[in-house]
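*Asks:* One letter stands for each residue in the lines below.
Protein chains: 2
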Amino acid sequence: MIPKGGMFGKILRVNLTEKTFEVEEMSPEIVKNFIGGSLLGAKILYDDLKPGIDPLGEENELIYTTGPLTGTDVPCASRLCICTKSPLTGTVTASLSGGYFPAELKWTGYDAVVISGKAEKPTYIYIRDDKVTFHDATKYWGLHTLDTQLYLKEDLHDQNIRVSCIGPAGENLSLISGIFNEARAAGRKGIGAVAGSKNLKAVVIRGKKDIPIADKDAFSAGIREMMQCFKESPMAYPVFSKVGSSCAVEVTNALGVLPYKNWLNDEDIDWDEHLGPNPVAEYNITRNPCYKCPIACSQVRLVKSGKYAGIASEGPEYESLFSLGTLLNIKSPEFTIAADRLCDELGIDSISAGATTAFAMELYEKGIFTDTDGMELKFGKEKESLAFIRMLAHREGFAEIFADGTKRAAEKIGKGSEKYTLEVKGLELPAYDVRGLKAHGLNFATCYTGADHNKGYAFQEVFGIPIPHAVERLAIEGKGKLTKFNQDFAALFDIVTYCEFPAEIAVTHVFQRLMGDLISAATGLTYTEEDMWKMGERLNNITRLFNIREGFGRKDDTLPERIKTEPLKFGLSKGEVISQEDLDYMLDEYYKARGWDEDGVPSEEKLKELELI
Amino acid sequence: MIPKGGMFGKILRVNLTEKTFEVEEMSPEIVKNFIGGSLLGAKILYDDLKPGIDPLGEENELIYTTGPLTGTDVPCASRLCICTKSPLTGTVTASLSGGYFPAELKWTGYDAVVISGKAEKPTYIYIRDDKVTFHDATKYWGLHTLDTQLYLKEDLHDQNIRVSCIGPAGENLSLISGIFNEARAAGRKGIGAVAGSKNLKAVVIRGKKDIPIADKDAFSAGIREMMQCFKESPMAYPVFSKVGSSCAVEVTNALGVLPYKNWLNDEDIDWDEHLGPNPVAEYNITRNPCYKCPIACSQVRLVKSGKYAGIASEGPEYESLFSLGTLLNIKSPEFTIAADRLCDELGIDSISAGATTAFAMELYEKGIFTDTDGMELKFGKEKESLAFIRMLAHREGFAEIFADGTKRAAEKIGKGSEKYTLEVKGLELPAYDVRGLKAHGLNFATCYTGADHNKGYAFQEVFGIPIPHAVERLAIEGKGKLTKFNQDFAALFDIVTYCEFPAEIAVTHVFQRLMGDLISAATGLTYTEEDMWKMGERLNNITRLFNIREGFGRKDDTLPERIKTEPLKFGLSKGEVISQEDLDYMLDEYYKARGWDEDGVPSEEKLKELELI
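In the order they appear, the protein sequences are chains A and B. Going by the numbering used here, the first residue of the first sequence is number 301, and it counts up by one from there. Going by the numbering used here, the first residue of the second sequence is number 301, and it counts up by one from there.
Some clues are possibly wrong.
You can't tell identical chains apart in this list, so a pair holds if it fits in one copy or across any two.
[Stated by the list, open to error] In the DSSO-like style, the derived pairs of lysine-lysine whose C-alpha atoms are separated by at most 27 Å in a straight line are:
| hint | residue 1 | residue 2 |
| --- | --- | --- |
| 1 | Lys561 | Lys869 |
| 2 | Lys516 | Lys715 |
| 3 | Lys350 | Lys304 |
| 4 | Lys453 | Lys508 |
These aren't lab readings, by the way, just hints derived from the structure by calculation.
Input sequences plus hints: build the corresponding full structure.
*Replies:* Structure (structure tokens):
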């Protein structure tokens with residue numbers, strides 16, 4: 301069980317307290333059952349972390365993983381997975397990003413980098429093939445993410461290094477801060493604060509190791525099949541290549557499930573008029589694809605005139621069009637581009653930053669929180685939104701109370717403000733009004749890391765893709781089984797570290813089998829389609845075990861008050877809620893599909909089946 | 301007369317209209333008498349341009365030159381000189397910048413690149429060794445300078461290219477826009493607008509040619525001598541390495557010649573209290589030296605807290621501490637860092653942008669121009685200053701009238717506003733109140749490209765360096781001869797493209813001889829100390845011939861009204877002006893020293909001596 305290619309079978313363990321590192325060989329069991337990405341990370345965390353540790357304490361680990369296809373010629377596999385115990389949700393978590401950093405990380409010769417301990421002062425780690433060195437980063441502390449990358453390149457006299465870093469938000473331990481490489485964000489669940497708590501400003505890498513491929517012919521055949529799927533997909537090149545994820549606006553708006561005004565849904569806004577089907581396509585100036593990606597959904601957008609003229613951003617993605625647009629009742633895509641750039645520079649999660657701003661706006665308008673030093677923090681206010689987000693990242697002034705997201709803010713503010721938070725397990729809801737998308741709702745309620753749209757996305761409900769079968773979005777029946785399917789499906793792309801978009805819109809029908817074929821060809825080992833499905837299920841069970849150990853259970857698999865009690869008032873999902881009763885129905889179905897008991901605890905049988913005990 | 305090293309003897313001529321290029325061999329006369337930098341540029345412009353052409357017309361040329369030491373191991377010689385007919389001053393001009401671009405440009409194998417014509421649409425040129433290609437830059441049009449460099453690197457999949465580009469200011473033909481490489485500005489005299497008028501967004505380069513050195517031993521000996529001078533200099537390492545040019549604040553403030561509030565000098569402000577001796581040293585985070593520079597005066601500065609937290613800038617230099625600080629009566633070095641960064645991003649000259657803002661503030665306070673759409677454009681206003689500078693670069697709203705600097709604005713506004721402009725030949729005065737620094741005043745009046753402090757800096761008056769002899773700053777006697785010395789001295793570093801700082805503070809006493817030695821060793825030809833002095837003098841004469849041909853004469857060798865008529869009211873230079881009478885006295889002395897007639901026309905004898913006829 302030693303891989304002949306695809307992986308190096310090596311984990312680099314770095315200790316910031318001691319400034320030491322060691323290289324660990326991956327055991328055959330790890331190679332077979334926990335191959336990479338989120339699953340490898342979850343396994344290490346499950347084994348290493350004592351229950352109840354402080355996510356911002358020295359004992360937490362920050363784990364960078366890639367997958368067996370990362371850095372190879374396989375398209376769309378240059379993905380980085382960062383795993384840790386989330387300080388925002390208290391659960392185990394995995395945040396992913398793309399770009400070139402992931403491929404370069406793999407070329408250093410490690411499949412994972414486990415960072416533990418806490419540096420005495422701001423530090424960056426430099427991994428250059430077999431060399432690992434620790435450097436004072438005091439001078440970079442406070443720098444924006446893009447400038448951090450710029451000046452590290454200048455200082456190291458090497459324009460070819462790749463950098464993963466935090467910005468002011470992570471340094472200030474904001475629980476809605478992320479980790480950034482290039483302008484790519486592993487943005488959610490407060491992982492930036494974990495790096496900040498470790499005084500880790502950046503991980504700098506340069507790798508030159510070749511990745512061997514065990515069976516080159518079979519590997520090429522797999523890549524050809526994938527490229528053929530891309531070609532045949534009605535969405536990959538015709539849509540995603542042109543406008544990226546922003547295409548989703550048209551669909552969710554049409555279905556009446558594009559949330560706005562902090563999910564208030566209290567006026568009938570014609571978002572189609574304000575945004576149109578491709579709200580930011582006219583600002584596209586260039587594409588900035590991840591390594592080896594032929595689809596290149598990532599667009600650089602530039603505002604060419606008006607008050608934001610000259611501001612460019614990689615993005616905004618669909619999610620930012622919501623969090624930095626509709627959610628604030630701001631109708632200017634140009635504002636969204638400017639705010640998206642600001643979030644990237646500050647190193648803050650654009651979804652949670654926007655959601656927290658929207659929440660603060662509702663509190664301000666309702667008179668619950670008005671102590672804003674004169675700032676008129678009302679829906680629709682652009683200048684105030686930008687200023688507030690900046691303050692969040694710096695824990696500045698009155699915004700300090702909001703710097704850790706909506707749940708923490710509501711706990712501190714009280715006065716019933718928790719009714720206006722839209723979060724699950726502390727993680728702010730992404731851009732799908734689950735009142736009209738029941739499987740999305742069940743996924744948000746049960747996902748191991750809170751309301752995460754990337755870990756069980758019901759593409760059937762939004763894009764009408766009939767895999768495994770066609771789905772009625774407003775029905776609650778059958779959503780338990782569907783959500784298990786979607787979460788295990790999604791788990792695999794986080795494990796293989798393959799991109800979610802082609803997985804869901806192009807290779808969907810052959811995904812597990814094709815991944816198995818490619819990984820088998822790369823490693824020279826055998827991974828069947830069934831192994832792949834099992835791998836996904838294994839992730840959703842080991843993470844459940846982790847979370848149960850932390851005290852999580854059925855009580856936490858819930859949805860926000862507003863979702864449960866305030867029906868949508870307009871559009872194609874008018875009248876919809878997910879009541880507690882509906883949720884309970886779906887949870888029962890879901891736990892049953894999972895082989896978990898009614899409290900959501902995995903059965904011994906299931907754990908044995910998954911070789912977790 | 302074919303150089304065996306140091307130079308390639310090749311000029312690349314690029315025609316944007318035709319999208320063609322050709323390589324021209326430098327003649328023996330050019331090699332001997334016009335070797336490089338500003339002199340080579342001036343010679344080409346003098347030969348190529350018809351008198352009276354529109355600087356923003358197709359007929360103008362934009363010439364990138366380096367010197368015979370650029371890209372070699374000689375410290376402080378990685379300098380780029382950009383020559384053109386200035387649209388701001390109407391004279392021939394040369395703007396210089398440092399960094400890595402100049403060395404890389406040399407490695408492409410050309411000593412100069414002459415860009416003529418006008419591209420049909422936004423274009424960038426890519427020079428990669430012998431390949432020259434033309435590319436559509438429409439998508440980059442509107443991008444800030446730093447983002448332009450970032451995205452060109454991503455798009456070309458080459459992090460090692462070097463980029464020289466314009467920002468929005470140059471695109472919008474602002475006559476106070478510059479050309480930027482890295483965060484280095486060839487900032488003044490509106491050369492950004494010349495690039496903009498040619499639809500030239502960027503020049504992208506990658507060079508790998510070795511520069512041969514004819515006599516390596518002699519070359520090394522010259523470098524050793526230079527390094528020894530650096531070591532012995534009381535200013536190079538002890539001062540410039542630590543705080544860069546910002547050290548000048550202490551001196552000019554002490555002498556009462558640090559201009560403030562648009563040179564009004566109407567209140568006794570204790571700048572020492574507000575700025576201290578090293579106003580921005582506490583913000584230094586890292587040094588970003590030019591290629592092969594051991595002094596590394598260029599500091600990256602970062603604001604770590606407060607309203608500008610997270611903003612970093614390479615700089616501000618002394619000049620920006622004035623133009624984006626004292627001149628606006630803003631006492632916050634943090635504002636200056638933020639404004640300096642903004643100017644770099646917009647691609648606007650920070651001196652003229654600040655001076656234009658200060659001018660607008662005085663007009664606003666005097667009630668001469670108040671049509672500001674409600675903006676309170678008063679001295680001391682930070683937010684308004686940043687907004688106004690942004691508007692300048694975009695020619696936006698009421699700021700449009702100011703977008704071409706103070707002289708053009710006064711011409712449009714009228715109402716006696718020209719009394720409050722501080723410019724010579726259209727170029728805004730840099731940070732030396734010449735009322736208390738007479739040689740500076742004479743230099744500003746006579747410099748071939750307007751009030752340029754880099755082309756005849758009286759280091760004797762500011763730093764007390766007694767070369768060629770000690771100088772009394774308030775005396776007008778002897779300043780004609782001194783200014784000739786300083787201008788011919790300064791000319792040489794623009795020709796050799798050697799950095800002004802070590803020339804003036806470290807190798808001052810051996811400058812011409814050492815440059816001659818090094819260039820002789822590099823080229824295998826003979827350049828004596830006398831040749832070097834002659835080279836400098838030649839520049840100041842050929843540029844004079846160019847300007848005379850354009851209609852310039854004694855009448856244009858003048859100083860602003862305020863300098864001539866409003867005495868300084870406070871400090872060590874209290875009571876001082878440079879009256880027209882004083883100026884005439886100095887001009888007579890200067891012309892005589894130059895061998896020019898009383899109208900400032902070079903004598904035939906002088907021109908023959910300089911081999912210009």
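*Asks:* Could you work out which earlier hints the structure fails to respect and list their numbers in ascending sequence?
*Replies:* The structure conflicts with hints 2, 3, although it agrees with all the remaining ones.
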